[in-house]
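Asks: Position chain B relative to chain A; hints supplied.
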Amino acid sequence: MSYIHVSDLSKTYIVRKKKSGSFLAREKTEVKALQGMNFEAEQGELIGYIGPNGAGKSTTIKILSGILTPDSGEVTVGGVCPWKDRKRHVGRIGVVFGQRTQLWWDVPVRDSYDLLRDIYRVSRADYDSQLRRLTDVLDLEPLMNTPLRMLSLGQRMRVELAGSLLHRPELLFLDEPTIGLDAVSKLMIRDFLKQENRENGTTVMLTTHDMEDISALCSRVMVIGKGQKLYDGGLNELLSAYDTVHIMTVRYADPSVCPVLPEGCETVAEEDALKITYRPDAVPTPVLLSALQEAGTIRDLTAQPQNIDRLVADMYKEMGM
Amino acid sequence: MNTIRFYTHSIRMLMKSRLQYPLSFTVQTLAQLVMEAGEMLAVLLVIDRFGGLKEWSGGEMLIFFGVMSITFYMTEIFGRGITGGIDSMIRQGGMDTLLIRPRSIMEQMICRDVDPRRIGCIAVGLTALIAGSAQTGLTWTFIRILLLLEAVFFGMMMVLGLFLIEATCSIFSVRSLEMINALTYGGRSACQYPIDVFPRPIRLLFSVVAPFSLTLHVPVSFIVGKPLFGWPQWTAFVCPLSGAVILAVMTVVFNIGIKHYRSTGS
Numbered sequence: 009m010s011y012i013h014v015s016d017l018s019k020t021y022i023v024r025k026k027k028s029g030s031f032l033a034r035e036k037t038e039v040k041a042l043q044g045m046n047f048e049a050e051q052g053e054l055i056g057y058i059g060p061n062g063a064g065k066s067t068t069i070k071i072l073s074g075i076l077t078p079d080s081g082e083v084t085v086g087g088v089c090p091w092k093d094r095k096r097h098v099g100r101i102g103v104v105f106g107q108r109t110q111l112w113w114d115v116p117v118r119d120s121y122d123l124l125r126d127i128y129r130v131s132r133a134d135y136d137s138q139l140r141r142l143t144d145v146l147d148l149e150p151l152m153n154t155p156l157r158m159l160s161l162g163q164r165m166r167v168e169l170a171g172s173l174l175h176r177p178e179l180l181f182l183d184e185p186t187i188g189l190d191a192v193s194k195l196m197i198r199d200f201l202k203q204e205n206r207e208n209g210t211t212v213m214l215t216t217h218d219m220e221d222i223s224a225l226c227s228r229v230m231v232i233g234k235g236q237k238l239y240d241g242g243l244n245e246l247l248s249a250y251d252t253v254h255i256m257t258v259r260y261a262d263p264s265v266c267p268v269l270p271e272g273c274e275t276v277a278e279e280d281a282l283k284i285t286y287r288p289d290a291v292p293t294p295v296l297l298s299a300l301q302e303a304g305t306i307r308d309l310t311a312q313p314q315n316i317d318r319l320v321a322d323m324y325k326e327m328g329m
Numbered sequence: 002m003n004t005i006r007f008y009t010h011s012i013r014m015l016m017k018s019r020l021q022y023p024l025s026f027t028v029q030t031l032a033q034l035v036m037e038a039g040e041m042l043a044v045l046l047v048i049d050r051f052g053g054l055k056e057w058s059g060g061e062m063l064i065f066f067g068v069m070s071i072t073f074y075m076t077e078i079f080g081r082g083i084t085g086g087i088d089s090m091i092r093q094g095g096m097d098t099l100l101i102r103p104r105s106i107m108e109q110m111i112c113r114d115v116d117p118r119r120i121g122c123i124a125v126g127l128t129a130l131i132a133g134s135a136q137t138g139l140t141w142t143f144i145r146i147l148l149l150l151e152a153v154f155f156g157m158m159m160v161l162g163l164f165l166i167e168a169t170c171s172i173f174s175v176r177s178l179e180m181i182n183a184l185t186y187g188g189r190s191a192c193q194y195p196i197d198v199f200p201r202p203i204r205l206l207f208s209v210v211a212p213f214s215l216t217l218h219v220p221v222s223f224i225v226g227k228p229l230f231g232w233p234q235w236t237a238f239v240c241p242l243s244g245a246v247i248l249a250v251m252t253v254v255f256n257i258g259i260k261h262y263r264s265t266g267s
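Note that the protein sequences, when read in sequence, are chains A and B. For reference, each letter of the first sequence is one residue, going 9 to 329 in the working numbering. For reference, each letter of the second sequence is one residue, going 2 to 267 in the working numbering.
If we strip away everything but chain A, and leave its shape as in the complex, we get (with noise of 0.2 Å):
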C-alpha cells in the first residue's frame, strides 16, 4: 500500500445561524467541505495542492493531521489512521500553518524550541544536531533569544518552520506557508524545502495560491474543488491544457521592419518593438519564429507565457469552480 492513501474521504460541517427576525430559531446549513476525495502518495514526494478558498484544501490537510474527523473515508498515513492513533501519528509529521502560529508567542524563541524537545521526547545529542543543521540553513542564530512575538512575519514562518522540523518529521504538511512574505523570503523557504525534501527524503504535502511556489517545487500537483479532486499529475501537463494564449515581444536592428507573419497572429507595435499575441495550437511557436527571422535582423526576442494566475483562474472556472 501506499504511504499516504486516501479514499473515499468525505467532511460535512453543520453551520447554525440565528434566522433573522426571530428569537429562537436558527437555520441549519451543510457545508460538504470534501465528497469523496482519493489520492495515493509515496515517500519522498514534494505534492503540491490547490483549489480556490472554500474548496477543501485545509479540510484535507486537518484532517491528515489528525485535527479533525471525518465524516467517512479511509486514511493511513504509513500504516497508521491519524485520528484513531492521534498520538503515534503525529509524532512522526510537521505541520506548519502560515497564518497561525505553533510557538509560545511571548517565549524566545530557544526557549520554545526547548520545549518541544521535550514535547516530542527528542534526546539532547539527536536535538542538538538537528537544531544546529536548521539554525545554519535558515540563519536563525540572530533570532534564537529573540521573543516570538517581536519577529517579521518572514522571520516568523523560518522560526515556525524550524520547530516542525526538530523531532525530523519523515512528512511534512504546510497550509500556506508563503502567504504574506516577501520575495526574499518566499525564495528562501522555498531553497529550504527543497533541500529538506531533496536530502532527507522528507515528503511534503503543502496547500498554497501562489504559483510560483507550485512551479518552483512540486513535481506533482493536485487540484481540489467543491471537495472533490480535480486533476491529480504534473504542472506543466495541467498548464498546457489551459495554456492557450502566449506572447512574443521581438525587436529588430532596423525598426522599420514589418515581417509577414502566418494567419493567426495579432501585432501591435510598441515604441520599437512588435508584440505578438498568437495561439500555440493554431499556430506553432517554430513556425512564428522563422517568419519572424526571414524578416530581418532580430535584435531581442522575449516570450511570455500567460500569466499563471490568469491560467489558474480559467482552469477554476472551465472545472466548474
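Misleading hints may appear alongside valid ones.
Restraint-style ranges between C-beta atoms, simulated for each label pair [claimed, not checked]:
1) B:Leu42 <-> A:Arg141: 56 to 66 Å
2) B:Ala249 <-> A:Glu178: 29 to 39 Å
3) B:Asp197 <-> A:Lys25: 22 to 32 Å
4) A:Arg96 <-> B:Leu42: 34 to 44 Å
5) B:Leu127 <-> A:Arg129: 58 to 68 Å
6) A:Glu35 <-> B:Lys260: 20 to 30 Å
7) B:Met36 <-> A:Lys202: 51 to 61 Å
Here are the simulated lysine-lysine pairs, DSS-like style, with alpha carbons at most 30 Å apart [claimed, not checked]:
8) B:Lys260 <-> A:Lys92
9) A:Lys95 <-> A:Lys202
10) A:Lys36 <-> B:Lys260
11) B:Lys17 <-> A:Lys40
12) A:Lys36 <-> A:Lys95
13) B:Lys227 <-> A:Lys95
14) B:Lys260 <-> A:Lys234
15) A:Lys95 <-> A:Lys237
16) A:Lys194 <-> A:Lys36
17) B:Lys260 <-> A:Lys25
18) B:Lys260 <-> A:Lys237
19) A:Lys237 <-> A:Lys194
20) B:Lys260 <-> A:Lys95
Everything labelled a hint here was simulated from the structure, so no lab data went into it. Built from N, CA and C at the ideal position, the CB exists for glycine as well.
Replies: Leaving out everything else, chain B in the frame of chain A:
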C-alpha cells in the same frame, strides 16, 4: 514521569516570561491582593455587624474564607491553562496546535499557562487562615493539617473540572457561555461562607452540581471542630474525593467533545 517533566519545564518557561517585566508583575500582583482584600473585607463587615453567621463564629468564618481563597487561586496559578481564556483559545482554533503534538490534550492544556500574579490573592487567603486560627485558638494537629491539604488538593481538582465544563461547551458553541461562570466564580464567592447558611436550592447546587460543600465545607467544619450536620469524622476524609470524581467525569466528557472539534477556517 515524562509528564511531570513536561509540566515543570513549561511552568518554568512561562514563569520566566511572565517575570520579564518585574514592575508590571509587581503592580498586577498588588492589584490582585487589593481585590481579594476587598472580598475579605466583606466577610469582616458581616462579622463586625452580626458577630458571626448562624452558629459560626467570626474566626471560623475567616478560616472558611481562607481555605476557599487558597484553593481557588492555587488552581488559577497552576491550572491557568484551563481556567484562563480556554474558551476563546478553542474558538480561535488554538486546539489545532495541541492536536498535532504527540501528547494528550489535557496534559497540554494544563501546561499551557500559569498565573503567578494570583500569589497576591493567596497572601490574603493565608492571612485570613492565620487570623481565624488565632481568634478561635485552633491548634494545627497532624490530622487537621492533613484534612486541610486534602481539602485544598481535591478542591483544586473540582475547580478544574468546573472550568472544563466551559471548555467543552466552547467546542460546540461559538458564543461565550458566561452562565458557567455562575458555577466557578459564583461558587467561589458564595462558598467562602459555610454551606448551611444558604437556602435549600443553593445548597443543592453547590453540593451536587459543583460540590464546594463536599470538598471544602465538610473537611473544614471538622478542622474547626463543628462537623456539618453532625456527620461522622470519616465523611471529612471521603467527601473531598468528589472533586476527583468531577474532574474525572469532565475529562471523559471533554475528550469525547474533542472528537467533534471542528477547527476554524483559514
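Asks: Against each hint, give a clear statement of whether it holds in the structure.
Replies: Evaluated hints:
1. Evaluation of the 56 to 66 Å hint for B:Leu42 and A:Arg141 yields a pass: the beta carbon distance comes to about 60 Å.
2. For the pair B:Ala249 and A:Glu178, the beta carbons lie near 36 Å from each other, so the given range of 29 to 39 Å is met.
3. Distance hint check for B:Asp197 and A:Lys25: the Cβ-Cβ separation is about 47 Å, which falls outside the suggested range of 22 to 32 Å.
4. Between A:Arg96 and B:Leu42 the C-beta distance comes to about 54 Å, which lies outside the given range of 34 to 44 Å.
5. Remark: the range hint 58 to 68 Å for B:Leu127 to A:Arg129 is contradicted by a beta-carbon distance near 38 Å.
6. For A:Glu35 and B:Lys260, the Cβ-Cβ distance of about 25 Å falls inside the hinted range of 20 to 30 Å, so the restraint holds.
7. Under the hint 51 to 61 Å, the C-beta atoms of B:Met36 and A:Lys202, about 56 Å apart, fit the expected range.
8. This hinted pair checks out: B:Lys260 and A:Lys92 have alpha carbons roughly 10 Å apart, not beyond 30 Å.
9. A C-alpha spacing of about 28 Å is found between A:Lys95 and A:Lys202, which places the hinted pair at or below 30 Å, so the restraint holds.
10. For a cut-off of 30 Å, the pair hint linking A:Lys36 to B:Lys260 stands: about 21 Å separates their Cα positions.
11. In summary, the hint linking B:Lys17 to A:Lys40 is not supported, as the alpha carbons are separated by about 45 Å, beyond the 30 Å threshold.
12. Between A:Lys36 and A:Lys95 the CA atoms are separated by roughly 33 Å; this puts the pair beyond 30 Å, and the hint is violated.
13. Taking the CA atoms of B:Lys227 and A:Lys95, the gap is about 50 Å. The hint is violated against a cut of 30 Å.
14. Using a Cα cut-off of 30 Å, the hinted pair B:Lys260 and A:Lys234 holds, with the two alpha carbons roughly 24 Å apart.
15. Pair hint A:Lys95 plus A:Lys237 holds up; C-alpha atoms about 28 Å apart against a cutoff of 30 Å.
16. Taking the CA atoms of A:Lys194 and A:Lys36, the gap is about 41 Å. The hint is violated against a cut of 30 Å.
17. Distance restraint check for B:Lys260 and A:Lys25: the Cα-Cα separation of roughly 22 Å lies within the 30 Å cut-off, and the hinted pair is therefore satisfied.
18. Our distance criterion of 30 Å between C-alpha atoms is met by B:Lys260 and A:Lys237, whose separation comes to about 26 Å.
19. Using a Cα cut-off of 30 Å, the hinted pair A:Lys237 and A:Lys194 holds, with the two alpha carbons roughly 27 Å apart.
20. A distance of roughly 14 Å separates the Cα atoms of B:Lys260 and A:Lys95; the hinted pair therefore holds under the 30 Å criterion.
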